[in-house]
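Please model the entire structure based on the sequences and the hints provided.
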Amino acid sequence: MLNQKNILLHLKHFLVILFLPIFLFTNCKKDNNKQTSFRIDFNDNQNQNSLKKQYQSNSKHEWKIKNKKIECLVSRKNRSVILLDRLLSKDIGNLDMSLNIGFFNKKISKENKNWAGFSIGQKDYSSENISKIEPEHGLNLGISTNGALFIGKPTLNHKNQIIINKLFNGIILHVKITPIESKYTIDLTAKDIETEKMLASISKNNISNEQLKGNISLVSNFVDTNNKNSDSKSVWFSSWEIKGNKLSKNN
Numbered sequence: 001m002l003n004q005k006n007i008l009l010h011l012k013h014f015l016v017i018l019f020l021p022i023f024l025f026t027n028c029k030k031d032n033n034k035q036t037s038f039r040i041d042f043n044d045n046q047n048q049n050s051l052k053k054q055y056q057s058n059s060k061h062e063w064k065i066k067n068k069k070i071e072c073l074v075s076r077k078n079r080s081v082i083l084l085d086r087l088l089s090k091d092i093g094n095l096d097m098s099l100n101i102g103f104f105n106k107k108i109s110k111e112n113k114n115w116a117g118f119s120i121g122q123k124d125y126s127s128e129n130i131s132k133i134e135p136e137h138g139l140n141l142g143i144s145t146n147g148a149l150f151i152g153k154p155t156l157n158h159k160n161q162i163i164i165n166k167l168f169n170g171i172i173l174h175v176k177i178t179p180i181e182s183k184y185t186i187d188l189t190a191k192d193i194e195t196e197k198m199l200a201s202i203s204k205n206n207i208s209n210e211q212l213k214g215n216i217s218l219v220s221n222f223v224d225t226n227n228k229n230s231d232s233k234s235v236w237f238s239s240w241e242i243k244g245n246k247l248s249k250n251n
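Each residue of the sequence shown is one higher than the one before, counting from 1 in the numbering used here.
Read the hints as simulated data drawn from the structure, not as lab findings.
Here a beta-carbon is modelled for each residue, glycine too, at the ideal position from N, C-alpha and C.
Watch out, some of these pointers could steer you wrong.
[To be verified] No more than 25 Å apart at the CA atoms, straight line, and that leaves these computed lysine-lysine pairs for BS3-like:
1) 66 / 233
2) 153 / 113
3) 233 / 107
4) 243 / 197
5) 68 / 243
6) 113 / 159
7) 176 / 153
8) 204 / 159
9) 176 / 243
10) 183 / 159
11) 106 / 77
12) 233 / 113
13) 243 / 69
14) 213 / 176
15) 249 / 69
16) 213 / 183
17) 233 / 159
18) 183 / 90
19) 166 / 176
20) 77 / 166
21) 249 / 106
22) 249 / 60
23) 77 / 183
24) 204 / 153
25) 68 / 110
26) 166 / 107
27) 197 / 166
[Said to hold, decoys possible] Label-pair distances were calculated between CB atoms; the ranges are:
28) 183 / 243: 16 to 22 Å
29) 107 / 196: 24 to 30 Å
30) 153 / 249: 27 to 33 Å
31) 111 / 201: 33 to 39 Å
In structure tokens form, the structure reads like this:
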């Protein structure tokens, strides 16, 4: 006959066996809103309805998909393509984002305000108010036509002739966002599109989480052009890839 001590011991083992699978299942369950990987190739043959669910521009007549690239057909201020079904969550997390980018228009403005790249952490936009997108509403990261990288606002940096020479054929723009305690560090790198060799890199620290939640968009921003040049192509983008647990579905 089992004594009281043995009965309690057997009961303890029974409870462990009973609840262990439940515990493991609960802790391994994936958050369906977290999307740790996402890629857009801008395929010419992709279903148009599918494309409309993924992204939208603030003027559909100013963008065209061609040869697995999306081209901005004008050289004007604040031309944007916003990602509709993914955004940066309010939760702490990391992000790794890359994009191929090339320039048709390489005109250098007086204050280096001709640039292309990303705007992140914008307020939530829907397809109904997409025309109201303004890069000023988010944190801008990109490269100016003088070959200089920037995080925040373009600066009056010296020309980087090595990068300028590569802008037409394109470069890889890579963004890495890393949480450090209650703040973030952002690393922005330009790489050779063929060899992936690093051409330039900058970093910015102490970015608040408040700046890194909301929509993500691609931006072509050309302000120092006359009326004739404003109707010429500015930039192209391709192979947009985003990874990390900072990325969420936009429900």
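Hint by hint, here is what the structure shows:
no., hint, verdict
1, 66 / 233, "13 Å, holds"
2, 153 / 113, "9 Å, holds"
3, 233 / 107, "12 Å, holds"
4, 243 / 197, "21 Å, holds"
5, 68 / 243, "20 Å, holds"
6, 113 / 159, "13 Å, holds"
7, 176 / 153, "18 Å, holds"
8, 204 / 159, "20 Å, holds"
9, 176 / 243, "10 Å, holds"
10, 183 / 159, "31 Å, violated"
11, 106 / 77, "15 Å, holds"
12, 233 / 113, "16 Å, holds"
13, 243 / 69, "20 Å, holds"
14, 213 / 176, "15 Å, holds"
15, 249 / 69, "24 Å, holds"
16, 213 / 183, "13 Å, holds"
17, 233 / 159, "22 Å, holds"
18, 183 / 90, "13 Å, holds"
19, 166 / 176, "22 Å, holds"
20, 77 / 166, "23 Å, holds"
21, 249 / 106, "35 Å, violated"
22, 249 / 60, "23 Å, holds"
23, 77 / 183, "31 Å, violated"
24, 204 / 153, "12 Å, holds"
25, 68 / 110, "32 Å, violated"
26, 166 / 107, "14 Å, holds"
27, 197 / 166, "12 Å, holds"
28, 183 / 243: 16 to 22 Å, "21 Å, holds"
29, 107 / 196: 24 to 30 Å, "28 Å, holds"
30, 153 / 249: 27 to 33 Å, "31 Å, holds"
31, 111 / 201: 33 to 39 Å, "23 Å, violated"
Checked against the numbered hints given earlier, the structure breaks hints 10, 21, 23, 25, 31 and satisfies all the rest.
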